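J.: As given, the protein sequences belong to chains A and B, one line each in that order. Here numbering that gives the first Met the number 0 is used: the first residue of the first sequence is 0, the next is one more, and so on. Here numbering that gives the first Met the number 0 is used: the first residue of the second sequence is 0, the next is one more, and so on.
If you're looking for bench data, these hints aren't it; they were derived computationally from the structure. Remember, it's a predicted structure, so these values are computed and weren't measured experimentally. Hints may contain errors.
Okay, derived cross-link-like pairs now, SDA-like style, lysine to any residue, Cα gap no bigger than 25 Å in a straight line [as the list claims (entries may be wrong)]:
hint, chain 1, residue 1, chain 2, residue 2
1, B, 106, A, 1
2, A, 314, B, 130
3, A, 196, A, 175
4, B, 106, A, 179
5, B, 42, B, 25
6, B, 349, B, 323
7, B, 157, B, 113
8, A, 249, B, 42
9, A, 317, B, 113
10, A, 317, B, 126
11, A, 317, B, 157
12, B, 113, A, 190
13, A, 313, B, 133
14, A, 314, B, 131
15, B, 24, B, 67
16, B, 141, A, 211
17, A, 317, B, 109
18, B, 113, A, 242
19, B, 349, B, 207
20, A, 261, A, 314
21, B, 295, B, 70
22, A, 261, A, 211
23, B, 184, B, 313
24, A, 314, B, 133
25, B, 106, A, 267
26, B, 154, B, 128
27, B, 260, B, 180
28, A, 99, A, 226
29, B, 113, A, 211
30, B, 260, B, 207
31, B, 113, A, 179
32, A, 1, A, 124
33, A, 222, B, 128
34, A, 317, B, 313
Chain residues, written in single-letter form:
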Amino acid sequence: MKEISYSEAIRETIRYEMKRDDKVLLFGEDVTIGVFGVTKGLLEEFGPNRVIDTPISEEAIAGTAVGVAATGLRPIAEIMFMDFIGLAIDPIINQAAKMKYMFGGKITLPIVFRCAAGAGIQAAGQHSQSLESWFTHTPGIKVVYPSTPQDAIGLYLSAIRDDNPVLVIEHKLLYAVKGEVEDEFNAIPLGIADIKKEGDDVTLVATGAMVYKALRVAEELEKENISVEVYDPRTLFPFDKDRLFESITKTNKVVIVTEENKRGAFSAEIAALIAEEAFDYLDAPIVRLGAINTPVPFSKVLEEYYLPGTEDIKKAIKSVL
Amino acid sequence: MPINIVMPKLGLTMKEGTLDGWLIKIGDTISKGDPIAEISSDKITNIVESPIDGILVRILAAEGDVVPVGEAIGILIKKGEHFEEQTGNVEKAVIKKEGLIKEKRIKATPLAKKIAAQHNIDLSIVTVTASSSRIRENDVLKYIELLTKKREEKKDKKTEEKAEKNIKLTGVRKIIADRMSEAWKNIPHVTEHIKVSVENLHNIRKELNSHGDIKFTFTDLITKAVISVVRVNKNINVSFIGEHIIPSTHINLGIAVATDKGLIVPVLKNADNLSLTELSKEIKELSEKARTSKLKLEDLEGGTFTITNLGMFGIESFTPIIYPGQVSILGVNAINDEVVIENDKPTVKKTMKLSFSFDHRIIDGAEAAKFLNELKSIIENPLRIMI
Numbered sequence: 000m001k002e003i004s005y006s007e008a009i010r011e012t013i014r015y016e017m018k019r020d021d022k023v024l025l026f027g028e029d030v031t032i033g034v035f036g037v038t039k040g041l042l043e044e045f046g047p048n049r050v051i052d053t054p055i056s057e058e059a060i061a062g063t064a065v066g067v068a069a070t071g072l073r074p075i076a077e078i079m080f081m082d083f084i085g086l087a088i089d090p091i092i093n094q095a096a097k098m099k100y101m102f103g104g105k106i107t108l109p110i111v112f113r114c115a116a117g118a119g120i121q122a123a124g125q126h127s128q129s130l131e132s133w134f135t136h137t138p139g140i141k142v143v144y145p146s147t148p149q150d151a152i153g154l155y156l157s158a159i160r161d162d163n164p165v166l167v168i169e170h171k172l173l174y175a176v177k178g179e180v181e182d183e184f185n186a187i188p189l190g191i192a193d194i195k196k197e198g199d200d201v202t203l204v205a206t207g208a209m210v211y212k213a214l215r216v217a218e219e220l221e222k223e224n225i226s227v228e229v230y231d232p233r234t235l236f237p238f239d240k241d242r243l244f245e246s247i248t249k250t251n252k253v254v255i256v257t258e259e260n261k262r263g264a265f266s267a268e269i270a271a272l273i274a275e276e277a278f279d280y281l282d283a284p285i286v287r288l289g290a291i292n293t294p295v296p297f298s299k300v301l302e303e304y305y306l307p308g309t310e311d312i313k314k315a316i317k318s319v320l
Numbered sequence: 000m001p002i003n004i005v006m007p008k009l010g011l012t013m014k015e016g017t018l019d020g021w022l023i024k025i026g027d028t029i030s031k032g033d034p035i036a037e038i039s040s041d042k043i044t045n046i047v048e049s050p051i052d053g054i055l056v057r058i059l060a061a062e063g064d065v066v067p068v069g070e071a072i073g074i075l076i077k078k079g080e081h082f083e084e085q086t087g088n089v090e091k092a093v094i095k096k097e098g099l100i101k102e103k104r105i106k107a108t109p110l111a112k113k114i115a116a117q118h119n120i121d122l123s124i125v126t127v128t129a130s131s132s133r134i135r136e137n138d139v140l141k142y143i144e145l146l147t148k149k150r151e152e153k154k155d156k157k158t159e160e161k162a163e164k165n166i167k168l169t170g171v172r173k174i175i176a177d178r179m180s181e182a183w184k185n186i187p188h189v190t191e192h193i194k195v196s197v198e199n200l201h202n203i204r205k206e207l208n209s210h211g212d213i214k215f216t217f218t219d220l221i222t223k224a225v226i227s228v229v230r231v232n233k234n235i236n237v238s239f240i241g242e243h244i245i246p247s248t249h250i251n252l253g254i255a256v257a258t259d260k261g262l263i264v265p266v267l268k269n270a271d272n273l274s275l276t277e278l279s280k281e282i283k284e285l286s287e288k289a290r291t292s293k294l295k296l297e298d299l300e301g302g303t304f305t306i307t308n309l310g311m312f313g314i315e316s317f318t319p320i321i322y323p324g325q326v327s328i329l330g331v332n333a334i335n336d337e338v339v340i341e342n343d344k345p346t347v348k349k350t351m352k353l354s355f356s357f358d359h360r361i362i363d364g365a366e367a368a369k370f371l372n373e374l375k376s377i378i379e380n381p382l383r384i385m386i
């Protein structure tokens, strides 16, 4: 075991895969430098044919990814901020997500789209969003959201090796977060959730950076004899509902917290799944927490207010007990 | 106009009575004075008679119910009348109200509903924890627990009730039990037995009954003898209440009567003023009243001395228990033909034993013996009875 940061975990995994498979290549805006430092140093190791800076055109990046994947390569295409992914929607939604289906399975598109999401660094409304629900809504693309260095390693391995388009969401605040990782690179199959903390009284579903807030709340509530089970789906699609229902069968109560603004968020999909399929196990209404339905504010105070906080989570948990 | 049949007041102190049983059914047509129901107070049992010619339309008290005096135990109507339930509207209103409550949506969590359904529980009767706005798992589980407990308690109670029914005393039996216990606990009883020749009494009875219409019983004659002896033994004819001996100016003679409901002791008032004929008549009347539950409360009160006769059952001696408040009781036994020595010769005579129980606090053994000997003497020389 060793302790590394989330960004190191991603870099090391990309490096590991590029070493293992020369079909893997990385491109995006300033990937040779790495704005968040994630891809720093890869150019030196793998050369300009495999680590390529692109023009500032998300559509071109995504379109290129579709094209090179169609030829048999395994591109890792970086959209620096998830906020700009709107520019690449057509290649992602209409090409990458559809092609295998529309060609009757004769083609595979092994693409990893990676992007940085989330608020918390005062990057304001166009550099802070959490837009996972746009993609979890779309059939044909997998959505991965690692929260720890270990998960980043395991999920990246699976994402790169997957023959279908996979969107990996990385939370900006997590890049610096350190965590213990195994010495070996072991893949985590997509669609397997992780219970980050076991508990009996309430199931707390959390994704990305919210996992850490959830764990803090769970630890604090432990002192009040409230036992919180923290469930991290790790991949939003495929979604591990079996593990979630197993937890709810035990606790009968569920609080979902994601950083998305609440309206139409992926958390609503989780809530709907529970209501549809685990209804009889509920002993309290499903409580869903998310950011408020506004653009992400620039002001530090407002940004904090905008995001679901630990106090909000505590309050929500107590409301269902 | 429907007429209420009410719990009658049988004595000044009576506040409630027990309905021992109905003698008629709903729909029965009855005449005024017909027996309707048997009731009892703590002192007496009686029969409620119909106040009118009519039909019984409602029974409001069940057998064994304790009903306050003056409260209705049933409703009668006159023939040809139509009975309308006066409480009908109220009942309907209640049902309507309950219906409304049931229609109201009950908030419960899916899990609570599921558990309730599994246990066949109506969620409208489950209490919600104060802090919650809806019924939750715990509320249902608590209710189930409560229900189980209640059911078990009910079961226990039922078993208890069943057991009680087997032994619980009511009506006359209860009164007898209480009185006997009271007497036996509080009165230091001594019983003396004396053998009496009733040869002469037998003959005089034969003589009396061979003339006139009235047939005198041994009880009549013995009672008359007892009265004449008690009259001169003032210490015997007293009441003992609390710390006080209360002398009685008259002899109020209790006559123990066995009825199919138990022992009843009607009191022959001023028995010392009655001729043998009057005495015989009164004893017959009282006994008949006792057997048909027609005694009034005053027929049972004020006794100063009691006679109890088990002779007809062949009993040769026993130890009667004193009626509380009195100080003695005379037990009369069977008459037997016995070989006795008379003038140094064995001869067969009719004899009988008298068993006299007395309260040793008030009467000494010798005094009681003197009383018994006087009684023996008068019975053996019965002409004196007539004086």
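J.: If a hint holds in the structure, say so; if it does not, say that too.
T.: Results for each hint:
no., hint, result
1, 106(B) <-> 1(A), "violated (52 Å)"
2, 314(A) <-> 130(B), "holds (15 Å)"
3, 196(A) <-> 175(A), "holds (22 Å)"
4, 106(B) <-> 179(A), "violated (47 Å)"
5, 42(B) <-> 25(B), "violated (29 Å)"
6, 349(B) <-> 323(B), "violated (33 Å)"
7, 157(B) <-> 113(B), "violated (32 Å)"
8, 249(A) <-> 42(B), "violated (67 Å)"
9, 317(A) <-> 113(B), "holds (23 Å)"
10, 317(A) <-> 126(B), "holds (21 Å)"
11, 317(A) <-> 157(B), "violated (45 Å)"
12, 113(B) <-> 190(A), "violated (30 Å)"
13, 313(A) <-> 133(B), "holds (21 Å)"
14, 314(A) <-> 131(B), "holds (15 Å)"
15, 24(B) <-> 67(B), "holds (22 Å)"
16, 141(B) <-> 211(A), "violated (37 Å)"
17, 317(A) <-> 109(B), "holds (19 Å)"
18, 113(B) <-> 242(A), "holds (22 Å)"
19, 349(B) <-> 207(B), "holds (18 Å)"
20, 261(A) <-> 314(A), "holds (17 Å)"
21, 295(B) <-> 70(B), "holds (20 Å)"
22, 261(A) <-> 211(A), "holds (19 Å)"
23, 184(B) <-> 313(B), "violated (28 Å)"
24, 314(A) <-> 133(B), "holds (18 Å)"
25, 106(B) <-> 267(A), "holds (23 Å)"
26, 154(B) <-> 128(B), "violated (28 Å)"
27, 260(B) <-> 180(B), "holds (18 Å)"
28, 99(A) <-> 226(A), "violated (45 Å)"
29, 113(B) <-> 211(A), "violated (35 Å)"
30, 260(B) <-> 207(B), "violated (34 Å)"
31, 113(B) <-> 179(A), "violated (43 Å)"
32, 1(A) <-> 124(A), "violated (36 Å)"
33, 222(A) <-> 128(B), "holds (24 Å)"
34, 317(A) <-> 313(B), "violated (87 Å)"
Taken one by one, the earlier hints fail for this structure at numbers 1, 4, 5, 6, 7, 8, 11, 12, 16, 23, 26, 28, 29, 30, 31, 32 and 34, listed in ascending order.
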